[in-house]
Amino acid sequence: DAMVIQNPRYQVTQFGKPVTLSCSQTLNHNVMYWYQQKSSQAPKLLFHYYDKDFNNEADTPDNFQSRRPNTSFCFLDIRSPGLGDAAMYLCATSRGPEGGAFFGQGTRLTVV
Amino acid sequence: GESVGLHLPTLSVQEGDNSIINCAYSNSASDYFIWYKQESGKGPQFIIDIRSNMDKRQGQRVTVLLNKTVKHLSLQIAATQPGDSAVYFCAEKGEYGNKLVFGAGTILRVKS
Chain A
1 DAMVIQNPRY QVTQFGKPVT LSCSQTLNHN VMYWYQQKSS QAPKLLFHYY
51 DKDFNNEADT PDNFQSRRPN TSFCFLDIRS PGLGDAAMYL CATSRGPEGG
101 AFFGQGTRLT VV
Chain B
1 GESVGLHLPT LSVQEGDNSI INCAYSNSAS DYFIWYKQES GKGPQFIIDI
51 RSNMDKRQGQ RVTVLLNKTV KHLSLQIAAT QPGDSAVYFC AEKGEYGNKL
101 VFGAGTILRV KS
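Protein sequence lines correspond, in order, to chains A and B.
For what it's worth, the working numbering labels the leading residue of the first sequence as 1, then goes sequentially.
For what it's worth, the working numbering labels the leading residue of the second sequence as 1, then goes sequentially.
Please keep in mind that the hints were generated in silico from the structure rather than gathered at the bench.
Please note: incorrect hints may appear among the correct ones.
Unchecked claim - Calculated cross-link-like contacts (lysine-lysine; reagent style DSSO-like; alpha-carbon spacing at most 27 Å):
hint : chain 1 : residue 1 : chain 2 : residue 2
1    : B       : K71       : A       : K44
2    : B       : K42       : A       : K44
3    : B       : K71       : B       : K56
4    : A       : K38       : B       : K42
5    : B       : K56       : B       : K68
6    : A       : K38       : A       : K17
7    : A       : K17       : A       : K44
8    : A       : K17       : B       : K71
9    : A       : K44       : B       : K111
10   : A       : K38       : B       : K71
11   : B       : K111      : B       : K42
All of these numbers come straight from a predicted model, not from anything done at the bench.
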């Protein structure tokens with residue numbers, strides 16, 4: 001049973017056209033993360049939520065925003081995608097400081 | 001700061017041999033560490049974790065060793081199998097509670 005679900009698996013968007021990626025979880029975890037992963041690189045943390053508390057990484061571009069309307073759902077909004085934003089976007093959840101993070105299968109974003 | 005893996009190193013092992021994958025982590029205040037396995041096109045998969053009050057933890061065919069003095073983590077895989085071929089990442093948590101940061105990855109290739 002999938003526990004962290006990302007939709008869609010593949011997303012193609014036009015340069016400059018806003019796009020939203022979604023993540024849902026059935027684990028009832030407090031923490032949700034968004035990572036960006038480019039080819040042959042480690043996942044890079046963009047931001048994370050502890051419940052409603054939002055934590056942005058200092059080097060996350062302003063072009064990236066996030067929403068968490070409830071415990072189960074989290075969204076990544078890219079306001080004006082550039083070619084450099086093409087990557088795999090990973091969502092993960094965790095109980096809190098004491099637990100590991102469980103990942104979804106990712107959304108592969110292509111910008112044309 | 002975060003470690004981002006570029007030009008991931010590769011470890012090639014013969015099927016049936018033991019594998020040792022190493023990771024140097026960056027933050028001496030980190031107190032929780034996780035190893036992940038990532039197969040092509042998929043999200044990272046939790047393998048094993050260890051807390052800073054331990055120096056060794058064993059799972060099924062895997063062992064994690066932690067040396068806090070030199071900020072070094074290793075993953076040992078016994079009797080490596082073709083299905084173990086993947087990219088392996090270490091990740092750390094601690095100083096900022098829920099923030100989970102990935103270290104550089106290693107590509108493991110298993111030769112039959």
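Point to revise | Index of numbered hints that the structure contradicts, given in increasing order | key: 8, 9
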